[in-house]
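**Q** Sequence:
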Amino acid sequence: MSVRTRFAPSPTGYLHIGGVRTALFNWLLARHYGGQFVLRIDDTDQERHVEKAVGMILDGFRWMGMDWDEGPEVGGSVGPYYQSQRGEKYKAAADKLVASGHVYRDYSTDVERAAGKKAADEARVAYRFRGTPPTPDEMARFDAEGRPYALRFQVPLGRTVVIHDLIKGDVEQKTDEMGDFVIVRAGGQPLYNFASVVDDADMAITHVVRAEEHLTNTFSQILVFQALEYELPAFAHVPYVAAPGSRKKLSKRDGAVGLDTYMGQGYLPAAMMNYLARIGWSFDATQEIFTRSELIEKFSLERVNSSPASHDPDKLFWIQGEWMKTLPLAEKVDAVIPFLRDAGLVGEEIHLNQKRKIAAVVSALGDRLKTYSDIITLGRYFFTETLTHDPDAVKKRLKKPGVPDLLRKLDLLLATVEPYEIATLETAMHQFAETNAIKMGDVVNPLRVATTGQGVGPGLYDCLEILGRESCRARIAGTLAMLEEARPA
RNA sequence: GGCCCCGUCGUCUAGCCUGGUCUAGGACACAUGCUUUUCACGCAUGCAACACGGGUUCAAAUCCCGUCGGGGUCACCA
Numbered sequence: 001m002s003v004r005t006r007f008a009p010s011p012t013g014y015l016h017i018g019g020v021r022t023a024l025f026n027w028l029l030a031r032h033y034g035g036q037f038v039l040r041i042d043d044t045d046q047e048r049h050v051e052k053a054v055g056m057i058l059d060g061f062r063w064m065g066m067d068w069d070e071g072p073e074v075g076g077s078v079g080p081y082y083q084s085q086r087g088e089k090y091k092a093a094a095d096k097l098v099a100s101g102h103v104y105r106d107y108s109t110d111v112e113r114a115a116g117k118k119a120a121d122e123a124r125v126a127y128r129f130r131g132t133p134p135t136p137d138e139m140a141r142f143d144a145e146g147r148p149y150a151l152r153f154q155v156p157l158g159r160t161v162v163i164h165d166l167i168k169g170d171v172e173q174k175t176d177e178m179g180d181f182v183i184v185r186a187g188g189q190p191l192y193n194f195a196s197v198v199d200d201a202d203m204a205i206t207h208v209v210r211a212e213e214h215l216t217n218t219f220s221q222i223l224v225f226q227a228l229e230y231e232l233p234a235f236a237h238v239p240y241v242a243a244p245g246s247r248k249k250l251s252k253r254d255g256a257v258g259l260d261t262y263m264g265q266g267y268l269p270a271a272m273m274n275y276l277a278r279i280g281w282s283f284d285a286t287q288e289i290f291t292r293s294e295l296i297e298k299f300s301l302e303r304v305n306s307s308p309a310s311h312d313p314d315k316l317f318w319i320q321g322e323w324m325k326t327l328p329l330a331e332k333v334d335a336v337i338p339f340l341r342d343a344g345l346v347g348e349e350i351h352l353n354q355k356r357k358i359a360a361v362v363s364a365l366g367d368r369l370k371t372y373s374d375i376i377t378l379g380r381y382f383f384t385e386t387l388t389h390d391p392d393a394v395k396k397r398l399k400k401p402g403v404p405d406l407l408r409k410l411d412l413l414l415a416t417v418e419p420y421e422i423a424t425l426e427t428a429m430h431q432f433a434e435t436n437a438i439k440m441g442d443v444v445n446p447l448r449v450a451t452t453g454q455g456v457g458p459g460l461y462d463c464l465e466i467l468g469r470e471s472c473r474a475r476i477a478g479t480l481a482m483l484e485e486a487r488p489a
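Take the first sequence: its position 80, counted from the start at 1, is 80 in this note's numbering, and no numbers get skipped.
No wet-lab data here; the hints were simulated from the structure.
Heads up, the beta-carbon is just placed ideally off N, CA and C, and yes, glycines get one too.
Watch out, some of these pointers could steer you wrong.
No more than 25 Å apart at the CA atoms, straight line, and that leaves these computed lysine-lysine pairs for DSS-like [stated by the list, open to error]: (1) Lys-325 / Lys-52; (2) Lys-91 / Lys-118; (3) Lys-355 / Lys-400; (4) Lys-96 / Lys-118; (5) Lys-409 / Lys-395; (6) Lys-325 / Lys-315; (7) Lys-168 / Lys-298; (8) Lys-439 / Lys-400; (9) Lys-332 / Lys-357; (10) Lys-248 / Lys-315; (11) Lys-249 / Lys-168; (12) Lys-252 / Lys-315; (13) Lys-168 / Lys-91; (14) Lys-439 / Lys-399; (15) Lys-395 / Lys-439; (16) Lys-117 / Lys-52; (17) Lys-298 / Lys-325; (18) Lys-96 / Lys-117; (19) Lys-325 / Lys-357; (20) Lys-399 / Lys-409; (21) Lys-355 / Lys-325; (22) Lys-118 / Lys-168; (23) Lys-315 / Lys-249; (24) Lys-396 / Lys-439; (25) Lys-332 / Lys-355.
Here are the computed distance ranges between Cβ atoms for each label pair [as the list claims (entries may be wrong)]: (26) Lys-96 / Ala-126: 46 to 56 Å; (27) Glu-322 / Val-74: 42 to 52 Å; (28) Arg-253 / Arg-62: 25 to 35 Å; (29) Thr-160 / Gly-264: 40 to 50 Å; (30) Pro-401 / Ala-423: 29 to 39 Å; (31) Ser-300 / Val-74: 22 to 32 Å; (32) Ala-423 / Pro-328: 23 to 33 Å; (33) Pro-134 / Lys-96: 31 to 41 Å; (34) Leu-412 / Gly-321: 50 to 60 Å; (35) Glu-322 / Ala-481: 42 to 52 Å; (36) Leu-412 / Thr-386: 47 to 57 Å.
Kindly generate the complete structure, drawing on both the sequences and the hints.
**A** So this is what it looks like as structure tokens:
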């Protein structure tokens, strides 16, 4: 039997990277064994349903390169893949449980249960609902009154349920510690612990790999599996992802936790996949960088950690840098264009000369370009004549005696260099420093700030060439004017 | 609070199952140095951990117990 895994997100909002990691483990497991990865939308709770959420989830998966064999858009033989469309299956399963006496009608009211809960809290014990099936007479009477009822699973007492978890090991729970749980709400809506079991069985899921928060739910689910006489899948509960530098679960409050944030910043899917795989999983003592196919080849649940790991944006950033280094120039150039466009630095149409310039900038930026959005922060001045001077750089490199004079001389130099290109520029600059007995740093640095406005950046000669003679001279003039203006009267 | 899960450098982890090779290894981050016109890259060096307390043993990060800490769950949410 082939391995079938699934990821069943609830479409309540954005795609959390912790969720993406869980999905990744599922996907990796399926691909490793040549099985199928199923995407199912757990949207039983319509109240919490967020319209565009499914689209966001799908986009995130596509971006990551995690393809699903069955699910939304692609369909499959055991659909539908939206829980909201599987009502009949839940109905049939619920009827079966009613017939076999595993569930009973619970006519209790919200008020009654709230009281029971409150009493349990005060007694400092766990709240457990434990009811008795109503008699036919009671049922008739309540129905006549029009009282609604939920379907509750009657937990058999005196047993121990055992989960053979592939990550946590054997985990036990005495049924005496469990309360009877609702499987179908009054109104007919099936609940997670029931719907999930019906679907996992119906979809022939062999490995349920999901977040640790479901570990305790699993005891209830196993009972349902058994009552329905379904074969049990293997379970694997992955620890939660903690916030950076803490052991607390990562939440929206911790900042960038949505996959869309990283997509928007121009992270590479390969880097994200590499990073996510490494949080909570390792192959050996040393390997950090994994390609997608290596991950598929080397992934195993056995090596997933049983303890939580925290999100480490620094490490993500480093891995991203490593992946960026492997990319050919042309690919980076194409990827950077949308960012330039969004920032209004280039127009819709990219002409050949413009593309050459972008390529020159990306090339000059080299390893400094860690994410695609860096093109904006690091390369802005190449695409606009409006120079923004970094105050620190101005203070450090330009607010010195003799600098205006130096810049005027350099301007003259730039005016005469022929041809105007990296090699000649470099020779001219060295000669200039030598004849004037100035250190290279003292000529290069002021000139950098005067032409780019920044204290750091690519090699100066690259910058000068890309900018072009006229632009450089204009910028020097602008900088001179700025210095003049700033001078105290 | 009951029940369940977890606890190695700041962080990701190797080692733990099958005690000795662990004066606990690698990586990120950080610091310093080298390279360099700046930054980035690269190279080198440094910093830094077995939560705590008992026990078992010739020997414990590794096995057992307890404590503390973190997390989950106890919904007619997922």
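**Q** Looking back at the numbered hints, which does the structure fail to meet, lowest number first?
**A** The structure breaks hints 1, 2, 3, 4, 13, 16, 18, 22, 26, 27, 33, 34, 36; every other hint is satisfied.
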